[in-house]
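Visitor: Build out the structure end to end from the sequences listed, making use of the hints.
Residue numbers (the working numbering), protein chains in the order written: chain A, 1 to 107; chain B, 108 to 196; chain C, 197 to 351; chain D, 352 to 538.
Note that these hints are calculated values from the structure, not bench results. A quick note: this is a predicted structure, and the numbers were derived from the prediction, not measured. Some hints could be false.
[What the hints assert, rightly or not] SDA-like cross-link-like pairs, simulated, lysine to any residue; straight-line CA separation at most 25 angstroms:
1) A:Lys66 <-> D:Val490
2) A:Lys66 <-> C:Leu209
3) A:Lys66 <-> D:Leu397
4) C:Lys266 <-> C:Leu209
5) D:Lys430 <-> D:Ala371
6) D:Lys430 <-> B:Thr133
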Amino acid sequence: MIVLDIISWALIVSGAFFSIVGGIGIIRFPEFFSRLHGGGITDTMGAALILLGLMFQSPNSLVAIKLVMILFFLLVTSPSSCHALSNSALAQGHWPELDTTRKSKNK
Amino acid sequence: MMFIVAAISILITMCLALIRAMLGPTVFDRVLALNMFGTKTVLLICAICFLTDRTDFLDLALLYSLMNFIGMVALLRFSHYTSFGEEVS
Amino acid sequence: MNSFPIIRIVSKLLIPYILLFALYVQFHGDFGPGGGFQAGVILASALILYGLVFGLPAAQSVAPPWLIEKLIALGVLVYAGTGVATMALGSNFLDYDALEHHFLTDVTWGSQTLHVLPSGQHLGIFLVEVGVGITVTSVMLMIFYCFAGRNQSSE
Amino acid sequence: MIYIDIIILTLLAVTAVTVARIRDLWAAVMFTGIYSFIGASWMLLLDAPDVAFTEAAVGAGISTVLMLGTLALTNKAEKPSTSVPVVPFLVVLGTGAALVYGTLDMPHFGDPEAPVHQHPNPSFVERSQPDMHGLPNVVTAVLASYRGYDTLGETAVIFTAGIGVLIILRRDKRTAPDEHSSDEVVT
Chain A
1 MIVLDIISWA LIVSGAFFSI VGGIGIIRFP EFFSRLHGGG ITDTMGAALI LLGLMFQSPN
61 SLVAIKLVMI LFFLLVTSPS SCHALSNSAL AQGHWPELDT TRKSKNK
Chain B
108 MMFIVAAISI LITMCLALIR AMLGPTVFDR VLALNMFGTK TVLLICAICF LTDRTDFLDL
168 ALLYSLMNFI GMVALLRFSH YTSFGEEVS
Chain C
197 MNSFPIIRIV SKLLIPYILL FALYVQFHGD FGPGGGFQAG VILASALILY GLVFGLPAAQ
257 SVAPPWLIEK LIALGVLVYA GTGVATMALG SNFLDYDALE HHFLTDVTWG SQTLHVLPSG
317 QHLGIFLVEV GVGITVTSVM LMIFYCFAGR NQSSE
Chain D
352 MIYIDIIILT LLAVTAVTVA RIRDLWAAVM FTGIYSFIGA SWMLLLDAPD VAFTEAAVGA
412 GISTVLMLGT LALTNKAEKP STSVPVVPFL VVLGTGAALV YGTLDMPHFG DPEAPVHQHP
472 NPSFVERSQP DMHGLPNVVT AVLASYRGYD TLGETAVIFT AGIGVLIILR RDKRTAPDEH
532 SSDEVVT
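Guide: So this is what it looks like as structure tokens:
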């Protein structure tokens, strides 16, 4: 049990670290396309690590299976909606400001 | 104790996402923050379930992870086409 | 949504799970959180997701509006019909104890007892929740059809 | 634990003020989605998973879709008001002060002697187990069996709402050509 607790602590603390780092990123980054990076880190890395950490504490297998299903749905939906967001941002004429190789469409 | 740490860190991230949703210069920044907020809510509900030791309510987190996607698709579709009705073949 | 192939594929992947989850909420509502209203809303939102991604005509070919109109009334009919059935069996309106029956309720299979068909109060709650679920699903879908169809014709 | 409550309530208040203050209605719809997320977490903390379930099912998906559908029929931005609303502000302030004064008499949170826990007889919880042949969810038992008439009424309300939306918004195929022809005559 002590081993499981240590594994959970490690996973949850690193997950908390990644989600807070992503949260700071979504505030601090200068424009939309780099903010996607911060959002992506919290949605996949932070969520997966925290859910894995909770999985080691689950009292029975049904709870663990439900957590696996939640993780699966999160990993499927959140990156695909990030993709759709960036796709429609590009379609509406936004272009990464940090990209120096191509000229911005809207400027 | 570890669940409290998880819940507090998730809540801090939620606060940051909420700030971005309020500032957000473009529509897409706001939707990105909303998506992040939804994911964090799923995690928060999981953490609360473990914290209060009522793990049979994880269905709620499962439901939110599905419903978040529907809201996102609706918001994206509206920002893209400005209406629902047209035919997509 | 024609320019989002990933969204289309992910929706195709998710819609069966949402429908399955709605059925789980509907029939597991006696044992955990959930029930007819929530299940109806989840079922309707699966079909609404289909309509959002693949267009209104596709959704209307899955759940045609004439059928939805009939189902709005059918749900209330199932609910009230349960009450009338209990009255016909000689009890009060919506008193499910009259629905007690002894057909395949407890089947002993090996060492464990299985509850095959619900009986009494359980059967009554089951029927009533099914009625609520049907009405809520069809009303939500019908509201969505009305809004979407209105936009289509006004452009 | 108490810190989680405080943070969630603060987030709720901030989101509500934002919804009221923001002019872009599209963003307001988005913030109601956020409000629903926080509201469901709060309901779960209050040990009301059935309410949280309803909030989750309705708030994030369907209500966003329906509000966006309404926005598609109207303008995207709220009309800015020019006058400073002094009298409504005083009325709201007075009502809020009276409500805060009223909370002083309320029983403590979770008090077993509170009227909420005494008035619908607590024996429902005890009676439900033998009555329902072992159905564990007391909320479903109360809603569908002990309060069956109420739930029938609620279903009838949803039915009536559906009929009302149908009457107001539906365009029948049989009447649609007539409208177009009359429009052509007018123009």
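Visitor: Compare the structure with each hint and give your call.
Guide: Status of the hints after comparison with the structure:
| no. | hint | verdict |
| --- | --- | --- |
| 1 | A:Lys66 <-> D:Val490 | holds (23 angstroms) |
| 2 | A:Lys66 <-> C:Leu209 | holds (18 angstroms) |
| 3 | A:Lys66 <-> D:Leu397 | holds (22 angstroms) |
| 4 | C:Lys266 <-> C:Leu209 | violated (30 angstroms) |
| 5 | D:Lys430 <-> D:Ala371 | holds (13 angstroms) |
| 6 | D:Lys430 <-> B:Thr133 | holds (21 angstroms) |
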